[in-house]
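K.L.:
Protein chains in written order, with this note's numbering: chain A, 1 to 356; chain B, 1 to 356; chain C, 1 to 512; chain D, 1 to 310.
Worth flagging that the hints you see were computed from the coordinates, not collected in a lab.
Careful: at least some of the hints might be erroneous.
Residues of chain A placed beyond 10 Å of chain C at every Cβ, according to the derived structure [said to hold, decoys possible]:
#1 F45
#2 I53
#3 G63
#4 N65
#5 M171
#6 D184
#7 P186
#8 G198
#9 N201
#10 L219
#11 A226
#12 G236
#13 L243
#14 V246
#15 N327
#16 L348
Cross-link-like lysine to aspartate or glutamate pairs, in silico, EDC-like; alpha carbons within 20 Å at most [said to hold, decoys possible]:
#17 K97(D) to D115(D)
#18 K257(C) to D325(C)
#19 K239(A) to D58(C)
#20 K47(D) to E251(D)
#21 K19(D) to D270(D)
#22 K53(D) to D278(D)
#23 K239(B) to E188(C)
#24 K187(C) to D176(C)
#25 K239(A) to D91(C)
#26 K281(D) to E134(D)
#27 K97(D) to E191(A)
#28 K350(B) to E238(A)
#29 K397(C) to E89(C)
#30 K350(A) to E188(B)
#31 K239(B) to E357(C)
#32 K309(D) to D120(B)
#33 K111(D) to E267(D)
#34 K47(D) to D204(D)
#35 K187(C) to D226(C)
#36 K309(D) to E188(B)
#37 K187(A) to E113(D)
#38 K296(D) to D278(D)
#39 K224(D) to D204(D)
#40 K239(A) to E357(C)
Glycine included, each C-beta is placed from N, C-alpha and C at the ideal position.
One letter stands for each residue in the lines below.
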Amino acid sequence: MTPPNPTAVEEAPAGTPPPRRRPSLRLPRDRHALVDNFFRFQSLFGLVAVFLIAIAVSPVRNGENIFLSSGNLANIVRAVSEIGIIAVGMTFVILIGGIDLSVGAVLGLAAVGSATLMVDSGMGILPTVLIVLLIGTAFGATQGAIVARIGIQSFIVTLAGLQAARGIARMWSGGLGVPIAYGDGPKEAPEAFSLLSGSINGVLPVPAVLFIAIGIGALLVLRSTAFARHVYAIGGNEKAARLSGVPVRRVRITVFAISGLLAALAGIIHAGQLNQGSPNDGSGYELDAIAAVVIGGTSLAGGSGSMGGTIAGALLLGILNNILALNNIDANVQLVVKGLVIVAAAALQKLRPRIS
Amino acid sequence: MTPPNPTAVEEAPAGTPPPRRRPSLRLPRDRHALVDNFFRFQSLFGLVAVFLIAIAVSPVRNGENIFLSSGNLANIVRAVSEIGIIAVGMTFVILIGGIDLSVGAVLGLAAVGSATLMVDSGMGILPTVLIVLLIGTAFGATQGAIVARIGIQSFIVTLAGLQAARGIARMWSGGLGVPIAYGDGPKEAPEAFSLLSGSINGVLPVPAVLFIAIGIGALLVLRSTAFARHVYAIGGNEKAARLSGVPVRRVRITVFAISGLLAALAGIIHAGQLNQGSPNDGSGYELDAIAAVVIGGTSLAGGSGSMGGTIAGALLLGILNNILALNNIDANVQLVVKGLVIVAAAALQKLRPRIS
Amino acid sequence: MTERPLVRMTGIGKRFGGVQACRDIDLTIAAGEVHALLGENGAGKSTLINILSGVITDYDGTIEVDGRPVSFGGPVDAQRAGIATIHQELDLVAGLSIAENMFLGREPRTRLGGVDIRRMRRQAAEHLRTLGADLDPRRLVGSLRVGEQQLVEIGRALSLDARVLIMDEPTAALADAEVERLFETIKELRRAGVGIVYISHRMAELEVIADRATVLRNGGLAGTVDPRTASRDEIIQLMVGRSVDALFGEGRNEPGKVLLDVRNLAVTPRRPTPGRTEPAGVDLTVRTGEIVGLAGLMGAGRTELLETLFGAGGSGRRSGQMTIDGRPYGPHGPRAALARGVAFVPEDRRGAGLMLEHSVAENVVLSALATLTTLGVVRRQAVRRTVAEQLTALAVKAASPAVAAATLSGGNQQKVVFAKQLLTQPRLLLLDEPTRGVDIGAKAEIYRLLHRLADAGMAILLASSELPELLSLCDRVVVLHRGRTVATLPRASATQQAILAAANGDDAKETR
Amino acid sequence: KAGDGNGGTDAAAECGSGKEFLIGMSQANNAEPYRQVMNDDVSNAAKDVPGFKVVVSDAAQDNSKQVADVENFISQGINLLIISPNEAKPLTAVVKKAYDQGIPVIVLDRKVEGDAYTAFIGGDNVAIGKAAGEYYAKTLLPQGGKVVEISGLPGSTPAAERAQGFREGVASNPQIQIVASQTAEWLREKGQSVMDAMLKANPDINAVYAHNDPMAEGAYLAAKAAGKESTIKFTGIDALPVPSGGIKAVEQGRLQATFQYPTGGREAIDMAKKILVDCQKDVPKTTTLGTTQITKDNAAQVYTQLGGKQ
Ligand SMILES: Nc1ncnc2c1ncn2[C@@H]1O[C@H](COP(=O)(O)OP(=O)(O)OP(=O)(O)O)[C@@H](O)[C@H]1O
Ligand SMILES: Nc1ncnc2c1ncn2[C@@H]1O[C@H](COP(=O)(O)OP(=O)(O)OP(=O)(O)O)[C@@H](O)[C@H]1O
Ligand SMILES: [Mg+2]
Ligand SMILES: [Mg+2]
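So here's chain A without its partners, still in its complex pose:
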């Protein structure tokens, strides 16, 4: 079987328009394409709207818009970085039509692991990080394997995984948070680990930078790899994917492994930021992460969505939390307002012209 001939374009049958050098530019590009392109960035609509509203309603002190102050913006990104990183992994899972409820518990497990390995077992940063990431990945991959091989719905598998991870974390830590002290002595973690709670140039918090980097990386992966196509295909039409020779099981397992890996990474960051690994860390983060993904326009049915949307969704939630707090809205009212804004942001997604 010879590969399809790449020069075949020049051999186009007679009767077609005159030859050209870059056929891809000559493809019909009509009004629809423009509209499509505009709505491609629809997941940003909600973010932009909330951003503008936040500027408008932000309290002003000494003539400075508090919301827009660089420190505040950095805080927002830092505050959403863990949820954001988890949401990146969750995006892959949701794209294949699954869900991962275990991420918050895996974060807790990883936080405990980081603290325990460094403080109690006296390991260095690199082995600690590697082991913890490995644990997260293996945990995710195991869940993925159960989903892919036995065919149990991922909701159930990861709900069980949530309980199991939480239980393991509590047993490992003896139930209490493991505080991280820095220094060279025994029972002390390497100073460098505390960089996770620092900032670059005193402006950009390290977790925020990590989130942005991972987000952009995942965005590129989702744009340009065959793996990403397989992910979309499985979520869109599993049978078609299988018939086309997509390694469905392997992709599924990989996707859950990625989610576990990123949850573990978020757990390491969590431990670094809070100087402690506590087994109860990350409770409920799964819902926030899923919310970020879905607000970003990814369908829970799988097969459609974008990483850019997820990043926008996470930032939107962060801005929302921030501006409500800056305005000293009562915590209970905040809950109600947040509910309404989330629905409104999701409704903005619906302006899109629909296919079928």
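Go by the hints and put chains B, C and D with the ligands onto chain A.
P.N.:
Chains B, C and D with the ligands only, in chain A's frame:
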């Protein structure tokens, strides 16, 4: 307009079997049918397995199997009754391919409402119950309307609803539980309300009876009404359902209204059982209820599942909690064991011989 | 024809529960031949080729490729062995682009390991162009018409450069122009030595394209014929086991009064939806007892017109007049349409017609539940009786009414959709490609049924891409071009040439 | 420069009467009644101080969220921070950040590490557990007996300390046996279902030691359903002066005793007044609030004394 000619049977092409009176009885009924019938009750497999294991590992005192003692069995049903009632409503929602995360918060809102209306506003039982059920139904219907009309994914709408209901409940109660004292005086609730925490003949707890009654009722509805067919149809293929004249929107809204109604009912029972309505009641119940539904074999993709499965799923979870507590298992180990049993129970569902 | 066959299947058998789908079938495919596979709906054609293409992996019998026995673990193995398949049901990923779909699972890579998107698009466009489809390979498959999706499927199979190409009803969703282009392609492939298995229920096509025909009946081998010499009756006799009398009834009644009247119907979409041709000036009438055909090229807007008439079209502003029985008609949705006695059999049976995982019985009664319930409770006995009646009336082949619709053969699924809509006892029946994938015997039965319904006073509006079907079945043919009525041809003057000329817009010079 | 928020604005330098002060109250979790009452105590006490405005944030039991809450307070330029930390270590850094910017910090209930705060006010869970244990050993079960423990959320410090203190307290009476311990995660309904099972496994228990009042009440309800509410004694901890709190439960006879775990809310506002209004420099670094044992004898009186709503 004559209907398609029923006498067409006689016009069947030659070569087909001779005419018959009751064609449906002449269908091939072989070994496969037997197997099929056996697996129809598959959602019970997990329940039976867990039940048997529970008997085996139950502590025994004075020759009596504690797990099997009637008091204990009644307690189990009482303990799952609220989750069970919520899960009944959730089954409808999941069958149409949706999800309702707001049920736990609606339960809290209803509990607060029951206590406040009776104690602070001095209302009687009937008006209180009616108003609270109305609130729950309206809340559910509103969520359903947003899902059905704007087309936002129910996950997001009900996640927002969760927050809103929780916020409202906290504002209504001032953040604290509203205790219910019984009596005839002001600030006292009618004695009859305390029946909810009592038992019939001292054996059957009232909430358990309510759960069983509602479960059986829902089971019959789902077996034999046109509404149920519409529910299944929407979950199976919404477009086909719409083209077949199913009132998709109305069914959707109704389904969410039912879920809200039953969550409110569970909230009333909750308040009655605990003699208090607290705004934080029911946190996390949504996940338990969904777990009961899914363990019962209902697919989160919608379109397939049964009410019997849900009831079995709820009882399974109750037995699991009970037997772990009876054996005084460490809380952390409990979490891990619970996770494993849930996966195992779901795996039992997969034994079904599959259609390619 | 070369001596040694590319593929030899021997003693193939396959059972699904109680159904013997294939029984002891031998089949050879030689290089450079077009081997037709014929048989009624449910005869086992798709099952046989699913076995050959690695979709079904547990079966009896042996498969040899190039003389060597093979055992495929999955579709990919078959593809590696040079066997490409266009499956009967469209299996594409709606959320991916045309190019991505065509190269799914074997994406060309760049040196960096990413997907070579440009190359993918270029090659996709090229394969589509050989089929005469000028589609932007960046378009999402979900926005394509069924026919266009079919072309994408074909393009994908072509792009595999296989030595054996299996086509399971590739033309079911295509109009004549596309079919001709496909045949050109098939002839080229044949010249290049590719062995082709061709499944179709359109007898006329076989006479044009097939070198050899194997006929299956009830899962077994019924015989092999040369379709160029054998008469149609002979072939049908083999397929059905009896002769099928005059396919198309003659001597129609006089049509009655006007039931549906449409004047200058147009829909201005609220949002632009690429790929849809909304009605843009449709005039037509349908009388009681009349069968009116809708003709047009792919994308002429037949489907959209029927959807609009059923209240299921895209959102938008409707203009013009519609009446039923002289009373204004403008359904807000399918329910409203059904309430006025209008029923619709959609063209995409899997996407829009059936709950595939649900039982045949549940599917059949869905639209008519209201008549089968008392106080909201379904009368089981009545349902069972009704279902049995309908299945018998339409000769649906199903193991039992309780099996999932997905297990039925393609043609039988179509009949189930049909049965469902007939149960609503409509006065106006809208049919979109109603015989797509239906075998010739069943087609005859459907035609007879349509005649009987029309004779009983039903009005029928039927869109079809099979011109012979329209010509023989319809009292009048309305031709659409870009959403407009360009001709209304009474039976007497409706000829293939006249319809094609109108469909191409020849009498509408200004649009050319 | 005006822009950088703290610009040498030592809060103490701005103190004085007749001014407006914004106080940020960072709460770990509003869903716990104890903490809700703490918020209410802070808010109510602040109403009596002219110029005080309190804003409350709820971290919903998430350390990270609480860090963000404090940061948002700093962005807003609060004049004083009251924080009831979800956990000590994770909040140490952000509390220090506030303190270093010149914002006085009063830490309530649970300490942060180091000494980068102005003052700590809190109860002593070990001491309370111990008081409860001693009550069991001497008053409730002097003859000894079987006790079951219903504990708080595993992994929370108060749960661990109340368990530890209790064991120290009952140590003097070896006749007292702790026959089972199950968590009910601070929740009333879990207390009920856990008690159901424990009653089955241990039908002959004499008393239930619950780590808080709601769980004790839940256990009471379970016993009542089993007809054993009069033979088993129940005690709780917290003694919140609200209608749904433990004091009322003691007064109404459901609980035998409860032990006050003071919120410190009023004390915190008193101290804030000293710092901001009275310009007092030397507030005590640590104030440990004692516990009060509440039994039927003093329940009504304590309820009024603590300002409980009728
Ligand atoms: N962008 C789109 N969005 C939604 N539905 C679409 C879109 N494009 C096509 N369709 C659907 O595809 C079908 C029309 O495509 P089809 O292949 O049937 O065309 P056709 O039947 O050959 O031509 P005609 O338009 O004349 O019916 C309809 O069901 C239509 O609703
Ligand atoms: N997955 C399945 N499970 C159960 N029965 C099946 C399955 N697939 C096919 N069958 C049955 O096997 C028989 C042969 O089906 P097949 O799809 O091969 O028919 P076909 O010849 O392709 O018909 P058509 O012309 O309608 O496409 C039918 O009776 C069908 O119901
Ligand atoms: Mg077929
Ligand atoms: Mg069409």
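K.L.:
Which hint numbers does the structure go against, in order from smallest to largest?
P.N.:
Hints 11, 12, 13, 14, 20, 23, 26, 30, 34, 38 contradicted; others consistent.
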